[in-house]
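Make the full structure from the sequences, and use the hints.
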Amino acid sequence: GESVGLHLPTLSVQEGDNSIINCAYSNSASDYFIWYKQESGKGPQFIIDIRSNMDKRQGQRVTVLLNKTVKHLSLQIAATQPGDSAVYFCAENTNAGNMLTFGGGTRLMVKP
Amino acid sequence: NAGVTQTPKFRILKIGQSMTLQCTQDMNHNYMYWYRQDPGMGLKLIYYSVGAGITDKGEVPNGYNVSRSTTEDFPLRLELAAPSQTSVYFCASSDRTSGRKNIQYFGAGTRLSVL
Chain A
1 GESVGLHLPT
11 LSVQEGDNSI
21 INCAYSNSAS
31 DYFIWYKQES
41 GKGPQFIIDI
51 RSNMDKRQGQ
61 RVTVLLNKTV
71 KHLSLQIAAT
81 QPGDSAVYFC
91 AENTNAGNML
101 TFGGGTRLMV
111 KP
Chain Y
113 NAGVTQTPKF
123 RILKIGQSMT
133 LQCTQDMNHN
143 YMYWYRQDPG
153 MGLKLIYYSV
163 GAGITDKGEV
173 PNGYNVSRST
183 TEDFPLRLEL
193 AAPSQTSVYF
203 CASSDRTSGR
213 KNIQYFGAGT
223 RLSVL
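Here the protein sequences line up with chains A and Y, keeping their order. Residue numbers for the first sequence follow my numbering, so the first one is 1 and each next one is one higher. Residue numbers for the second sequence follow my numbering, so the first one is 113 and each next one is one higher.
Because the hints were derived from the structure by calculation, they are not lab data. Each statement offered as a hint is correct.
Derived Cβ-Cβ restraints for the label pairs, each shown as a range: (1) M153/Y - P82/A: 17 to 27 Å; (2) S52/A - A164/Y: 26 to 36 Å; (3) P82/A - F122/Y: 24 to 34 Å; (4) I166/Y - S52/A: 23 to 33 Å; (5) A164/Y - Q14/A: 47 to 57 Å; (6) V70/A - G152/Y: 20 to 30 Å; (7) R212/Y - R107/A: 27 to 37 Å; (8) P187/Y - G16/A: 41 to 51 Å.
No farther apart than 27 Å at their CA atoms in a straight line, the calculated lysine-lysine pairs in the BS3-like style are these: (9) K156/Y - K169/Y; (10) K169/Y - K126/Y; (11) K213/Y - K56/A; (12) K111/A - K42/A; (13) K56/A - K71/A; (14) K156/Y - K126/Y; (15) K121/Y - K42/A; (16) K42/A - K213/Y; (17) K42/A - K156/Y; (18) K213/Y - K156/Y; (19) K71/A - K156/Y; (20) K213/Y - K68/A; (21) K169/Y - K42/A; (22) K68/A - K156/Y; (23) K169/Y - K213/Y; (24) K169/Y - K121/Y; (25) K126/Y - K42/A; (26) K71/A - K213/Y; (27) K68/A - K56/A; (28) K156/Y - K121/Y.
For glycine and all other residues, C-beta sits at the position ideal for the given N, C-alpha and C.
Written out as structure tokens, the structure is:
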């Protein structure tokens, strides 16, 4: 079946550097994508979203890029901080679906 | 504003026992969801509900039951608990009225061990 996946299970970055977390999706009907952050022992927390009619969306220190040609989604975190250490999930919503399909997650580790 | 509240936070069950995981939301969201998350893995959808009185199966519904008698509450029932149901369970809700985006808000989770 079609699913969302991630290229890297673990990403280690130096504090202050920029982080890039990648996600590949295979469902061309997906019209909406979300990035979630999950800290240890907590539930997933919404970070940023993007509709399929957009290529880029910026938030505070975070940017999501969508490349529909290669079905690729990325989350960029500027000036990564220790508080950014968490597992990051991408999720996709299909055009007619009531559900989000989550990827396997990438663990971001920030070194001081 | 509490958001999505799950109880209990932790529970240990013996094989064959049953229990109900409680979930309530105070955001008047029409959609609610139950997921399970195994260690080091992503979230898998168990059941969801698009409104009071309406429920539907997700990806991994076997061994679970749900009901939605009110907008606020969406309990998950485990019958005849098995070790394979050891997991962290998350409840979520979203406002899907008038074509709103499917941003789901999650509770803190219930950590369940079946021994």
